[in-house]
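The listed protein sequences correspond, in order, to chains Z and A.
Numbering-wise (our numbering), the first sequence opens with residue 1 and increments by one.
Numbering-wise (our numbering), the second sequence opens with residue 1 and increments by one.
Hints were generated in silico from the structure; no laboratory data involved.
Computed from a predicted model, the values in this text were never measured in an experiment.
Even for Gly, the Cβ is constructed at its ideal location relative to N, Cα and C.
Hints are supplied without guarantee of correctness; some may be wrong.
[To be verified] Over 12 Å on every C-beta distance to chain A, these chain Z residues come out as not near it, computed from the model:
#1 Ile272
#2 Glu285
#3 Gly325
[To be verified] Pairs of lysine-lysine, DSBU-like flavour, derived with a Cα cap of 30 Å:
#4 Z/Lys115 with A/Lys78
#5 Z/Lys78 with A/Lys115
#6 Z/Lys29 with Z/Lys201
#7 A/Lys51 with Z/Lys169
#8 Z/Lys115 with A/Lys115
The residues making up each chain are set out below.
Protein chains: 2
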Amino acid sequence: MALVLVNILSFGCKPNNNNDENNDLIVLKDQGSFTVGGTIIQNQGTYDGSKFDNFKPYPEGQTYHGDHAYVFYQIPDKARPLPLVFLHGAGQSSKTWETTPDGREGFQNIFLRRKYATYLVDQPRRGKAGRSTVPASIEPTADEQMWFEIFRIGIWPNYFDNVQFPRDKESLDNFFRQMTPNTGPFDNGVITNSLVELFDKVGNGILVTHSQGGLPGWFIGINSNNVKAIVSYEPGTYPFPEGELPQPITGRTGVLSGVEVPLEDFLKLTKIPIIMYFGDNIGEEITEELGAENWRTRQSLGKLFVETINRHGGDATLVELPKIGIVGNTHFPMSDLNNIEIADLLSDWLKEKGLD
Amino acid sequence: MALVLVNILSFGCKPNNNNDENNDLIVLKDQGSFTVGGTIIQNQGTYDGSKFDNFKPYPEGQTYHGDHAYVFYQIPDKARPLPLVFLHGAGQSSKTWETTPDGREGFQNIFLRRKYATYLVDQPRRGKAGRSTVPASIEPTADEQMWFEIFRIGIWPNYFDNVQFPRDKESLDNFFRQMTPNTGPFDNGVITNSLVELFDKVGNGILVTHSQGGLPGWFIGINSNNVKAIVSYEPGTYPFPEGELPQPITGRTGVLSGVEVPLEDFLKLTKIPIIMYFGDNIGEEITEELGAENWRTRQSLGKLFVETINRHGGDATLVELPKIGIVGNTHFPMSDLNNIEIADLLSDWLKEKGLD
Numbered sequence: 001m002a003l004v005l006v007n008i009l010s011f012g013c014k015p016n017n018n019n020d021e022n023n024d025l026i027v028l029k030d031q032g033s034f035t036v037g038g039t040i041i042q043n044q045g046t047y048d049g050s051k052f053d054n055f056k057p058y059p060e061g062q063t064y065h066g067d068h069a070y071v072f073y074q075i076p077d078k079a080r081p082l083p084l085v086f087l088h089g090a091g092q093s094s095k096t097w098e099t100t101p102d103g104r105e106g107f108q109n110i111f112l113r114r115k116y117a118t119y120l121v122d123q124p125r126r127g128k129a130g131r132s133t134v135p136a137s138i139e140p141t142a143d144e145q146m147w148f149e150i151f152r153i154g155i156w157p158n159y160f161d162n163v164q165f166p167r168d169k170e171s172l173d174n175f176f177r178q179m180t181p182n183t184g185p186f187d188n189g190v191i192t193n194s195l196v197e198l199f200d201k202v203g204n205g206i207l208v209t210h211s212q213g214g215l216p217g218w219f220i221g222i223n224s225n226n227v228k229a230i231v232s233y234e235p236g237t238y239p240f241p242e243g244e245l246p247q248p249i250t251g252r253t254g255v256l257s258g259v260e261v262p263l264e265d266f267l268k269l270t271k272i273p274i275i276m277y278f279g280d281n282i283g284e285e286i287t288e289e290l291g292a293e294n295w296r297t298r299q300s301l302g303k304l305f306v307e308t309i310n311r312h313g314g315d316a317t318l319v320e321l322p323k324i325g326i327v328g329n330t331h332f333p334m335s336d337l338n339n340i341e342i343a344d345l346l347s348d349w350l351k352e353k354g355l356d
Numbered sequence: 001m002a003l004v005l006v007n008i009l010s011f012g013c014k015p016n017n018n019n020d021e022n023n024d025l026i027v028l029k030d031q032g033s034f035t036v037g038g039t040i041i042q043n044q045g046t047y048d049g050s051k052f053d054n055f056k057p058y059p060e061g062q063t064y065h066g067d068h069a070y071v072f073y074q075i076p077d078k079a080r081p082l083p084l085v086f087l088h089g090a091g092q093s094s095k096t097w098e099t100t101p102d103g104r105e106g107f108q109n110i111f112l113r114r115k116y117a118t119y120l121v122d123q124p125r126r127g128k129a130g131r132s133t134v135p136a137s138i139e140p141t142a143d144e145q146m147w148f149e150i151f152r153i154g155i156w157p158n159y160f161d162n163v164q165f166p167r168d169k170e171s172l173d174n175f176f177r178q179m180t181p182n183t184g185p186f187d188n189g190v191i192t193n194s195l196v197e198l199f200d201k202v203g204n205g206i207l208v209t210h211s212q213g214g215l216p217g218w219f220i221g222i223n224s225n226n227v228k229a230i231v232s233y234e235p236g237t238y239p240f241p242e243g244e245l246p247q248p249i250t251g252r253t254g255v256l257s258g259v260e261v262p263l264e265d266f267l268k269l270t271k272i273p274i275i276m277y278f279g280d281n282i283g284e285e286i287t288e289e290l291g292a293e294n295w296r297t298r299q300s301l302g303k304l305f306v307e308t309i310n311r312h313g314g315d316a317t318l319v320e321l322p323k324i325g326i327v328g329n330t331h332f333p334m335s336d337l338n339n340i341e342i343a344d345l346l347s348d349w350l351k352e353k354g355l356d
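Model the full assembly from the supplied sequences, consistent with the hints where possible.
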């Protein structure tokens, strides 16, 4: 038996916040992928291969498996007890959490190096989980300047002065290319069910959501006892108990409503710590700027959600990053130029809550 | 500085073919993901955010980045010089090479443990590389019993007696769920271009293709000097020099043709070693069995391809696995029950060719 010395600086002698952490090796006990959840369409009749005609499908007796999630997991050696389960937002896949548009490490590597097991999800009907039980038409629709603004990189073609996003063309190209379309309609219930099954499989863990993934995130927390905390980067919307739904918030980018749930369900979210982070260049008042405006409404409703959770005995926090001195974050803080600092906030919070 | 002893059995003292290799740690120097290749649609006009109307897209001045590939790479510590670049087949993503349907390690982990850097591709218009410049309609079409037969697992609902595929329902469910649809038409040129760019980025490497990925594989080899060998599992079809195209092969599953290329292009494939593997239960004569028949035609044309490559001074081999005593392989030898043995064949071949 050979013994090999591997120099792993991160054991014991390195502060959490060291920017040099990516000079080290990543030591994995295991990694792999699987699909989870989903449903099966079973056609009537009896399958008969003699009906085959040049790959033209014929329905009798055939099945179709769809609406599952795809998950890629990595377990570091000597992993901390609670894994992080990452759920992306609209138009994205697990790529959100991987290498950043300018080639730095994303939350996948950062938290592996910090000894968290990571589970990166492609939600049902997205990315490698493309088999949808509902049809879709996919059109190449030029919309990237809109997303540049909605995601608060700047006002096209200008970047915000303080923005934590690289200014080179290649990084922006890469950022646009990490989008990937729905292969079926977004369905909160389908996504929730698949991730509840994922938590059945994984056991206790921490759910980390982004943007549109925020909504299924709350429902996953309601429906799985294995979710021990929810961390949400700029969630899209929120559940409220029956009879406590706030008035919809109207803004330049649409009318934003919460989602009413039975009080009994809502109370489950008061049993786990919840933290939300919002970045910079979000409006305080109604504005014509798309990004400032879109996230103004969602941050405002988020504050009402926090208030409601805490009024019912829960532990929710909404962090406005500029108010704690962290400026320039876009809608994608996990890949912004200061993503190590953003990860440090999460590490510190997990430690504070005894979840590390 | 802390030193940690990591017991890595695979250094120096373990035979290549040891089935216990998955008890060890995976030690990575780096991992990450990126997109590569693709094109940009640039609409005329000037983008104007004030035209925004509730996320309804408007075209003026907007862009759309599409037709790139998505790549997830992992570099083991002390990696061998030549990485393996894996390209999946029809209806699949990089999942082909990851965890098997019954939860064993796939080629991704097996070859990482053998110290090869791995690059796993989702080709343009598939998986996480879903932004296509050409529209698509995605229908949930029940077709899995057909694939069960085409992929030579058995004659539905029966498994082949010798098949190297697990018999439990869950494994078959997982196998079906690893399919994911095209988000735009399959385009050999688009795929080839993106992977040629990948090899520009990666440098010298070995291309490993499967099934429909075989065809772009040959063109990537023709168009990139960085491809140092091509390994192809049951490729779909083949290039031939102008004037040397064999007669199309007609079978129960359609008419199979080669693709004519200039002699000068074809000759580039004679400068690198090529190996192809075909599994079991492939017909010798015309048969009604879909899988036996489909791969009979493709294996037959493969033999003519090998003959043509070698007649022009190249080094191509087609291995019929049952003829070397390896029985029961489906169309997915990389995830079959004997996939360690299949990987060993590849390791041995790479060693023989001085590519390890």
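Status of the hints after comparison with the structure:
no. : hint                   : in the structure
1   : Ile272                 : holds (30 Å)
2   : Glu285                 : holds (18 Å)
3   : Gly325                 : holds (29 Å)
4   : Z/Lys115 with A/Lys78  : holds (22 Å)
5   : Z/Lys78 with A/Lys115  : holds (22 Å)
6   : Z/Lys29 with Z/Lys201  : holds (18 Å)
7   : A/Lys51 with Z/Lys169  : holds (25 Å)
8   : Z/Lys115 with A/Lys115 : holds (23 Å)
The structure agrees with every numbered hint stated previously.
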